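Peer 1: Chain residues, written in single-letter form:
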Amino acid sequence: MAHAAPLKPGLSDCREAWSATLLALAEADPRVVAVVNDSVGSSKLATFQKRFPDRLINVGIAEQNMVGVGAGLANGGKIPFVSAASPFLTGRALEQIKADAAYSNVNVKLVGQSSGVAYGELGPTHHSIEDLAWLRVLQNLAILVPADPAETEAAVRWAHAHDGPVFIRVSRMPVPDLGEQAPYEPGRATVLRQGGDVALLTLGTTVHLAMAAAGLLAAEGVSARVVNMRSLAPLDEIAVREAAATGAIVTVEEAHVSGGLGGAVAEIVTAHRPVPVERVGFPGFVPTGSVEWLFERFGLSPEGIAAAVRRALGRKRA
Amino acid sequence: MRRRAFRMVYEAQLGHPGGDFSAADILATLYFGVLRHDPRNPSDPRRDRFIMSKGHATGVLYTALAAAGFYPEEWLDTYMQAGSRLNGHPNRNYLPGVETNTGPLGHGLPVAVGIAIAGQLDGADFRTFVLTGDGELQEGSNWEAAMTAGHRRLFRLTLIVDRNRLQQGAGTEETNALEPLDDKFRAFGWHVERVDGHDHAALLRVLGGAVGDRVKPLCVIADTIKGKGVSFMENQAAWHHGVPNREQFEQAMKELV
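Residue numbers (UniProt numbering), protein chains in the order written: chain A, 1 to 318; chain B, 1 to 257.
Pulled out of the complex, with its shape left as it was, chain A reads as follows (with noise of 0.2 angstroms):
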């Protein structure tokens, strides 16, 4: 594929938590079993395939029957882990996960590998931008996504224990450790910077760089929070409002502009207090280019994401 560059000394790749983890996971438990249509490779699931070759349900390439499948697995005891590329889970897939995993409420995991502009060159048809915004109005799914190698394992362990639906966005961006945080709880997110000018929410791959904008803005004189969302649902309704108090809010997201964390928080703040919201993420189908050049183009990057800053301050002062 398109954008299997080496990963830079101190960046990773989250499916290998992802997979470390399912793997572990297995060790210890029999119920748990993987799904897949065809992925193996992109899900990083071969070690766990050599391993438990009869625990991996590979239905070809076929995801409407990979989601039907894994909550017939549930309903037959076991833990599947549905895991393909999410742009084709989340969207070929959508009704199954609605009806048979959401709405019938039973004990699958659905994992939606590479999401967001991931696979670059290969274009919209191939990136998963609208995954959040599909998923977050189905009611019982957990939306989990997690921003860095140990969120990523502590996501898989929450999803394992949880008795329910739950969706898990992993992506292969390359992302830097974010250190220690506090205990992985979905709905309880993170301030990992504090600020008082101005409210940076953010989650999975984009926390990095909403953070490194707070740091080109504190040599402006801004000073900006930066919360981790951690989860899209359940979502930290409360860290939405403090947000709010600080006046200006500016959301950041690998996915599209609308229906996804931007949308979600400008209808708490709409409901309770309202402030300026700016939202950094992708306005619909981007042109043809690399990861790198498409988050560039479209602001996800520090200086996108001060400028985003600067926009909303403008309009808190207005």
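Check each hint, because a few of them may be wrong.
Stated by the list, open to error - Computed footprint of chain B on chain A, listed as stretches where at least three residues anywhere in the stretch have a Cβ under 8 angstroms from a Cβ of chain B:
| # | stretch |
| --- | --- |
| 1 | 7 to 18 |
| 2 | 56 to 63 |
| 3 | 95 to 108 |
I should point out that these hints are in silico values taken from the structure, not numbers from a laboratory.
Here the structure is a predicted model, which is why all the values come from computation and not from measurement.
Positions of the beta carbon are idealized from the N, C-alpha and C atoms, including for glycine.
We have chain A already, so just place chain B on it with the hints.
Peer 2: Just chain B now, with coordinates in the frame of chain A:
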């Protein structure tokens, strides 16, 4: 069962009586002659599973579940009323005996395949049954699942096709032809039986008994009549979700004995 289901549809003035009646003998055979289940313990891991993939035929499904003892028969009086557990399509979170929430077509077979794989992994001896409509087989998800079942030789899985030859708007063969249906399933690695879907003895012969030396999943194509048992409803597509007026209801009750 047809009489009780039709009364539910009449009182609710909602439902899918044509498909209820084509499936009634299949469900009666399953619930009272085939399925190994304990209504007092509906989540027993050893239970046989039944999935009503044609989730719109709730009149007959709910009647069968009540008659089998999963819940009191009085619940049937609430069919589709505000706040009832008996939604137009079945919900496992409200109703014991329902394995998965169906309604959109083409969902039951993939879930049944997953259940059968779980049983296969555990070496369990429960069986998994799923009933689809015939028009429903136009949904591609069924064929994804049929391929998996054949590939994995899920011999404890049985698919029953309610072959009434009518879908909502017209005949299946004029809409998007299914035949030769037997050959299609055989090509996907299934063992196929064709039976009269209103003949209890014939249904019991192919559905009941031991799995024996079967090595493939079983597809039972049950030839049925939509609206079976009521002269003015039989083979009429309009009775897919038609509901009776008083006169039609009383006439049907005379014919359904």
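Peer 1: Look at each hint and say if it fits the structure.
Peer 2: Do the hints match the structure? See the list:
Evaluation of the coverage hint for the stretch 7 to 18 of chain A: breached, as 0 residues show C-beta separations to chain B shorter than 8 angstroms, against a requirement of three. Remark: the stretch 56 to 63 of chain A is confirmed as covered by chain B, as 4 of its residues place a Cβ nearer than 8 angstroms to a Cβ of that chain, reaching the required three. With 8 residues carrying a beta carbon less than 8 angstroms from a beta carbon of chain B, the stretch 95 to 108 of chain A meets the three-residue requirement, and the given coverage holds.
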